[in-house]
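A.B. asks: Okay, here's what each chain looks like letter by letter:
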Amino acid sequence: SQTIHQWPATLVQPVGSPLSLECTVEGTSNPNLYWYRQAAGRGLQLLFYSVGIGQISSEVPQNLSASRPQDRQFILSSKKLLLSDSGFYLCAWSPAYSLNYGYTFGSGTRLTVV
Amino acid sequence: GEDVEQSLFLSVREGDSSVINCTYTDSSSTYLYWYKQEPGAGLQLLTYIFSNMDMKQDQRLTVLLNKKDKHLSLRIADTQTGDSAIYFCAEGHAGGTSYGKLTFGQGTILTVHP
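Chains as they are written, first to last, in the working numbering: chain A, 1 to 114; chain B, 1 to 114.
So here's chain B without its partners, still in its complex pose (with noise of 0.2 Å):
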């Protein structure tokens, strides 16, 4: 079955950078994706990448994709205090039983210091 690891803590000082690590097992996955919870709140896509692609990036947010050792990342450049969050990764199908169902990470906690 499909399984998505990440590590469970990252710390980082304002303004540097933030990398997040994933990786998966799943060498059918379509799509993979980035959501980022805020304390007491539901999940928020932050951004996503198709397998087909290498790397994304979206403003401060670089997603890389190494789709033959089946790992995932994400890029926080110049981390904010209001970047502190837990981040999931999660990976999709397209096509089969699986159709529609996504499977998370445990979450990654990032924590930023002033």
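This is chain A alone, in the form it adopts within the complex (with noise of 0.2 Å):
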């Protein structure tokens, strides 16, 4: 069966400081991967999506990038967080060419820019 993992589940962070959070997916192979954040435990931002290795699209210009090294990870990162960048960040995946049961969601990490 598919899971996907994400880590860490909560992170302190001075403003400045880099980031870098990270998603794997077990169990498949080519899935859509996307990174969202969610502010004060209301709507769902889409910040970056990737349907496959080296391709990402970016929802919304910001201090913030993505990567996907290999088929099934996927990084959120920063060079220098902002205040506003605190938030609970949430993974997902979905298979590719079908919707059947819409996405997948890791855990979430709460992020917390001190």
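Keep in mind the hints are simulated off the structure, nothing from the lab. All C-beta atoms in this analysis are idealised placements derived from N, C-alpha and C, irrespective of residue type, glycine included. One thing to keep in mind: the hints can contain errors.
Claimed, not checked - Derived CB-CB ranges, DEER-like:
no., chain 1, residue 1, chain 2, residue 2, range
1, A, A39, B, V19, 24 to 32 Å
2, A, E22, B, R13, 37 to 45 Å
3, B, S17, A, E22, 37 to 45 Å
4, A, G16, B, R75, 43 to 51 Å
5, B, G82, A, A40, 17 to 25 Å
6, B, E5, A, D71, 32 to 40 Å
7, A, V15, B, V19, 39 to 47 Å
Take the two lone chains and join them into the complex the hints point to.
C.D. replies: Structure representation (structure tokens):
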């Protein structure tokens, strides 16, 4: 069966420090991968999505970047964090060419920038 | 572009039925989903419905789709305190440049009182 792993679960980082959040998927190949941010426990903002290795689409221009170095690995990064980067970050995957089961989400990373 | 709207809050008594409503604007939506998010966790797919269906029932959950009015609802029968969570409506497309991308509503906070 397919599983998605996201870490760390919580992170407290000072302003100006770098960021690296990692997400991996097991049990499938060539998944579509997504990074979302959720502010104040409410709506989801799509940050990046990827349909293949090295293919990244950015939905919102910002202080963050994403990379997909391997088929089932998706990384969210920042060179210098801002206070406004605080939030709950969710990684998700979906099968390529199928929406039958929507997205499967990871358990999330709570990022607090201080 | 696509837009999905939900009421922000719903409060019910334990044992009553809950009805969470959602409207969407894109008439070409193929799939419609309901997700549940418990505090500090990722989103969990509850159920989904294809656009060629009017209703889907799964144990205590009933999804109704009015395609003419672009209205989706989730009814939870015999609501329990464990049903307290944020519920997200989402729509997706099969085909075209939007393939594989879901649009989420802002979420409805369901509070169940004993």
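A.B. asks: Of the hints given before, which are not true for this structure?
C.D. replies: No numbers; nothing is violated.
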